[in-house]
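Number of protein chains: 2
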Amino acid sequence: MGIPYRSVFFISDGTAITAETLGRSILSQFSGINFEPRVIPYVDSPERAQNAIEQINAATLADGAQALVFDTLVDPEIRAMVNSANAFNLDIYEGLIGRISSELGVEPDPHQGQAHDSVDSDTYKSRIDAVHFALDNDDGARTRHYDMADVVLVGVSRSGKTPTSLYLALRFGIRAANYPITEEDIDYHKLPKVLLPHKDKLFGLEISPQRLVAIRNERKANSRYASVDQCRRELKAVRNMYEDNQIPFLDVSEMSIEEIATRILQMTGMKRRIG
Amino acid sequence: MGIPYRSVFFISDGTAITAETLGRSILSQFSGINFEPRVIPYVDSPERAQNAIEQINAATLADGAQALVFDTLVDPEIRAMVNSANAFNLDIYEGLIGRISSELGVEPDPHQGQAHDSVDSDTYKSRIDAVHFALDNDDGARTRHYDMADVVLVGVSRSGKTPTSLYLALRFGIRAANYPITEEDIDYHKLPKVLLPHKDKLFGLEISPQRLVAIRNERKANSRYASVDQCRRELKAVRNMYEDNQIPFLDVSEMSIEEIATRILQMTGMKRRIG
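Order-wise, the sequence lines are chains V and D.
To convert, note that position 251 of the first sequence is 262 in the working numbering; the numbers rise steadily by one, no gaps.
To convert, note that position 29 of the second sequence is 40 in the working numbering; the numbers rise steadily by one, no gaps.
Hints are computed from structural coordinates only; laboratory data are not their basis.
Please note that a few of the clues may not be correct.
A few chain D residues facing chain V, derived, Cβ under 10 Å [what the hints assert, rightly or not]: (1) 32; (2) 83; (3) 281.
Quick reminder that beta carbons are idealized off the backbone N, C-alpha and C, glycines included.
Taking the hints into account, I'd like the entire structure generated from these sequences.
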């Protein structure tokens, strides 16, 4: 027998990010089924709809069970086509849009849609500026622009500072610098001098020794850098540094980058620059 | 009078990314209303629910119209609390989860949820590796690792290569290098030699002269670099390079980073490494 198997389609006339985000969030609540997801973006013509239908029907046939289809299609003709596939269809907008329209007293205009939201020039500029800020101020490369930072992430090497900085930039337009706490900083036993003037912008990342060892071993297997002793020593010193200086910090060992970024926003009260 | 005003809340016991993504996508279809969105993540205790209720009620009172609440709360007690606020409540999971449960013959387990999806170590590693790959191979800094790239983005300076590379890494785990086509490359009138062995991985970004002028002026106002003539010249040469070498390319002038990345995946047929 084995675990039951279901194909899942996330379909949209745009990027399909909405359909995929919601669909995955719902499916994560069902265990014991092997979901096989497929994303079909830009289904914006009868030809593309026909192609999607063929993929769906083939999956249903192969699985011996109806594929699940999450869609956010707005064109009625295209939506009707996709709904005609041999599948268990979940129209995400259905219901919600009608109720909101009644409450607001406004008719929806599906074709204006969200596609160009992020292209309005202020948003675009904030994102790009934030990305370049994160790059220019990554890994302690430069410290002289910390006065322009919204936050300065600190932590030991490979605690997740760089991806978190970039995610904060791309998703929230936040200018995040990051500074690695090195052995030299640790031996100094005090907050590195260069960070002192920006103490109120510091945010510490903490990580479990086990996780740090695993991540560092991917990078330099069996090195001192990746040894349990070394990782423990650095983490203990950094924890003391956070506590001695009242730096807010977060254990990111069990967190996705999305969670880390959202928690940082929540804990610091920082304002997003976009969205 | 002015434009009607509505507060909107995206509420979840996790990051609230699902509630926010779907909510924004729906609201973008309603024009003529000034939506004021607020995100409240991690509503996972009665105290936090009470705090959310107070924010919602205050907004409804101030606006003189019920706030819209998009939520993906799974705990019944907390959900009931938030539903008791003076608001127009849109329970996103309602309906969808029940239908899927019947179809699958499986009871949902809301508490397993998705929070830790991205922490499974393969996914985490793929994302982080891809981010570091993008950083190490950004802006033509190094070209010797292009054999390990999934794609090499090319284009003129400030056509969006860097943020697109980083987004491809963070969202899809794709290893994207990027290489700026410089004046020197243009004067050479052929594909830069360093790109020749990787011709099948190249993807070109195109941008309108107007947009490029605007973006470059933000960086170096009134420079030759940002002048209309210079931008036109570079763009024309690069367009010829794409066509002469059968490099697929995309006009990104009116696109968000999400759209650019999704289109590149679609046009190249590249496989995601995560999700």
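Hint check: 10 Å Cβ-Cβ cutoff, residue 281 of chain D to chain V: 12 Å, violated
Residue hint residue 32 of chain D, partner chain V, criterion CB-CB below 10 Å: 5 Å, holds
Supplied contact hint for residue 83 of chain D, tested at 10 Å Cβ to chain V: Cβ of residue 83 of chain D sits 7 Å from chain V, so the hint holds.
Taken one by one, the earlier hints fail for this structure only at number 3.
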